[in-house]
Amino acid sequence: MSDIIRVEHLSYVYNPGMPDETKALDDVSFAIQEGDFVGVIGSTGSGKSTLISHFNGLNRPTSGKIFVDGRDMWAQGEDLRSFRFLVGLVFQYPEYQLFEETCAKDIAFGPKNMGLDDAEITRRVKEAAEFTGLDAALLERSPFELSGGQKRRVAIAGVMAMEPRILVLDEPAAGLDPEGRDTILSQIKAYHEKTGVTVVLVSHSMEDIAKYANRVLVMHHAKVAMYDTVENVFARAPELLELGLSVPQVTQIFLKLRQKGLDIPIDVYTVPYAVKVIRRLWQEKQRKGGGSNAS
Amino acid sequence: MLRDITIGQHFPGDSIVHNCDPRLKLVATIGYVVVLYACGNAVGVALSILLLLALYAIAKVPVKLILKSLKPIVPIIAFTGIINLLFYPGETPLVSFWIFNIYPEGITFAVLMAVRILALIAGTSLLTYTTSPTVLTDAIENLLRPLSKIHVPVHEFAIIMTIALRFIPTLVDETEKIMNAQKARGAQLDTGKLGQRLKALVPILIPLFISAFRRADELAMAMECRCYRGGAGRTQLKVLKFGKNDFLCLGFCVVTFGIILATRWVFPVIG
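In the order they appear, the protein sequences are chains A and B. Residue 78 in my numbering sits at position 78 of the first sequence, with consecutive numbering throughout. Residue 74 in my numbering sits at position 74 of the second sequence, with consecutive numbering throughout.
Note that these hints are calculated values from the structure, not bench results. The reader is advised that the hints may include incorrect statements.
Said to hold, decoys possible - Below 30 Å or equal to it, Euclidean Cα-Cα: the simulated DSS-like pairs (lysine-lysine) are:
no., chain 1, residue 1, chain 2, residue 2
1, A, 105, B, 199
2, A, 223, A, 211
3, B, 68, A, 105
4, B, 244, B, 71
5, A, 189, B, 71
6, A, 105, A, 189
7, A, 23, B, 60
8, B, 199, A, 112
9, A, 112, A, 23
10, A, 65, B, 177
11, A, 23, B, 193
12, A, 23, B, 71
13, A, 194, B, 71
14, A, 112, B, 60
15, A, 223, A, 256
16, A, 126, B, 244
17, B, 199, A, 23
18, B, 60, A, 65
19, A, 112, B, 64
20, A, 126, A, 112
For clarity, every value in this text was computed on a predicted model and none was experimentally measured.
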């Protein structure tokens with residue numbers, strides 16, 4: 001597998017030379033492989049959103065380079081727009097960008113800008129609507145009549161319809177109820193599995209990252225603090241807590257149990273895995289002590 | 001590019017210029033503009049620029065900011081400069097072509113005018129740089145209070161202004177966000193013919209208007225929830241007080257402005 005995005009020594013400064021000058025990214029380097037599902041976490045103001053807006057050239061790096069699909073984004077003669085079709089970016093609260101009369105037209109905005117023919121656009125709109133679970137009846141209604149969750153899905157479909165190689169989502173589930181959260185995130189996961197598109201998901205919820213991502217990028221104070229597989233990152237739970245981030249609730253419980261002296265693995269971050277570990281422990285205990293006590 | 005808008009941009013600090021009573025600053029700024037135009041001679045204008053630079057230095061506002069606020073008015077200055085150059089009457093023309101005569105008087109007047117406009121913008125920018133918009137509207141409300149006796153809704157005007165100023169940065173931010181979102185979907189905003197460019201604005205203006213109305217709604221609700229009923233009987237958290245320092249500043253302004261104005265009777269008046 002090859003690197004789809006490679007970031008080299010990327011730095012970005014907001015308002016250079018002004019009194020409110022802030023370094024949003026400080027010498028950031030990493031690479032994302034094609035087909036990965038990368039979760040990006042970090043506390044507010046750690047540079048997550050700035051980082052992802054660099055992925056399709058909305059911000060010009062103060063220094064450093066970004067390669068998408070092997071091409072240097074800011075090299076002479078590169079067409080920035082072609083990168084925008086390669087990297088689909090879904091912003092925070094994307095429902096505020098809807099503007100067309102009908103949802104179908106809004107979803108078609110991206111593909112239309114790509115200069116595709118009508119048949120192809122219709123196919124893509126239909127497919128994107130299916131991925132995000134939008135009824136055909138909804139597509140002919142005005143986006144402003146829909147509920148918040150539905151609007152959000154229309155906006156995400158609008159980016160999916162561009163069929164990018166990388167789909168970047170900035171907190172796609174923010175402000176939704178638990179059910180809406182799960183629906184949207186599992187739809188994204190299903191989309192990832194079906195199309196093989198690389199997904200970068202920014203989220204505040206450790207549970208969500210643990211459940212859906214296979215790699216995690218931890219941002220802290222404009223730098224990359226960790227970048228590893230989910231298991232390895234959550235195995236460093238104490239460090240995460242030190243960075244002011246939480247770990248999934250299961251991991252927290254297991255961390256406490258370990259401190260109590262129980263011999264359990266440290267990288268437990270999903271409920272099914274936790275159940276398996278507890279069951280194994282339980283069986284060992286049954287075999288050894290004949291079930292004298294169950295802690 | 002949107003971030004270049006400096007109207008109402010506040011540059012917080014802790015200098016005597018910042019802490020001076022906003023009413024005095026407002027009146028002094030108006031006074032400065034009057035003096036700048038009334039003195040009518042090169043020495044007076046030079047002195048007023050010197051005064052302005054000194055005040056900028058005291059306020060510790062970086063020079064970069066002054067240049068930034070002057071950048072958008074360069075076309076206006078160029079335009080007035082050329083008009084003055086071509087049409088200002090004089091006695092012996094320096095250059096003559098077609099129907100235009102350029103006189104030496106015209107050159108001096110054009111330069112003086114350009115410098116005055118620059119000083120005017122830089123001077124008023126100093127006011128907005130050193131005074132937060134809310135304090136400034138407080139000052140305006142305070143100064144105009146006598147008008148409420150004749151049933152001018154001074155407080156309502158002030159609150160409208162405060163809200164408008166308060167929302168400039170928010171809407172600029174919002175516009176930038178929406179522009180980015182549409183650019184991410186491949187919208188082309190800065191290329192193409194005029195018609196195409198206007199059409200490209202639709203995906204930005206519609207979401208912007210919707211969000212502005214939503215914000216207005218939310219703000220009205222929030223204000224009502226906190227029992228806002230308008231101006232009558234309303235007291236203020238920060239009452240403006242004219243202190244000892246302010247009297248010193250007032251004295252300073254009267255003296256410096258007086259000196260600048262006095263040059264009118266010492267040096268030759270131009271125009």
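Outcome of the hint check:
| no. | hint | in the structure |
| --- | --- | --- |
| 1 | 105/A with 199/B | holds (15 Å) |
| 2 | 223/A with 211/A | holds (24 Å) |
| 3 | 68/B with 105/A | violated (41 Å) |
| 4 | 244/B with 71/B | violated (37 Å) |
| 5 | 189/A with 71/B | violated (49 Å) |
| 6 | 105/A with 189/A | holds (25 Å) |
| 7 | 23/A with 60/B | holds (23 Å) |
| 8 | 199/B with 112/A | holds (14 Å) |
| 9 | 112/A with 23/A | violated (36 Å) |
| 10 | 65/A with 177/B | holds (23 Å) |
| 11 | 23/A with 193/B | violated (37 Å) |
| 12 | 23/A with 71/B | holds (26 Å) |
| 13 | 194/A with 71/B | violated (53 Å) |
| 14 | 112/A with 60/B | violated (51 Å) |
| 15 | 223/A with 256/A | holds (29 Å) |
| 16 | 126/A with 244/B | violated (72 Å) |
| 17 | 199/B with 23/A | violated (36 Å) |
| 18 | 60/B with 65/A | violated (36 Å) |
| 19 | 112/A with 64/B | violated (42 Å) |
| 20 | 126/A with 112/A | holds (14 Å) |
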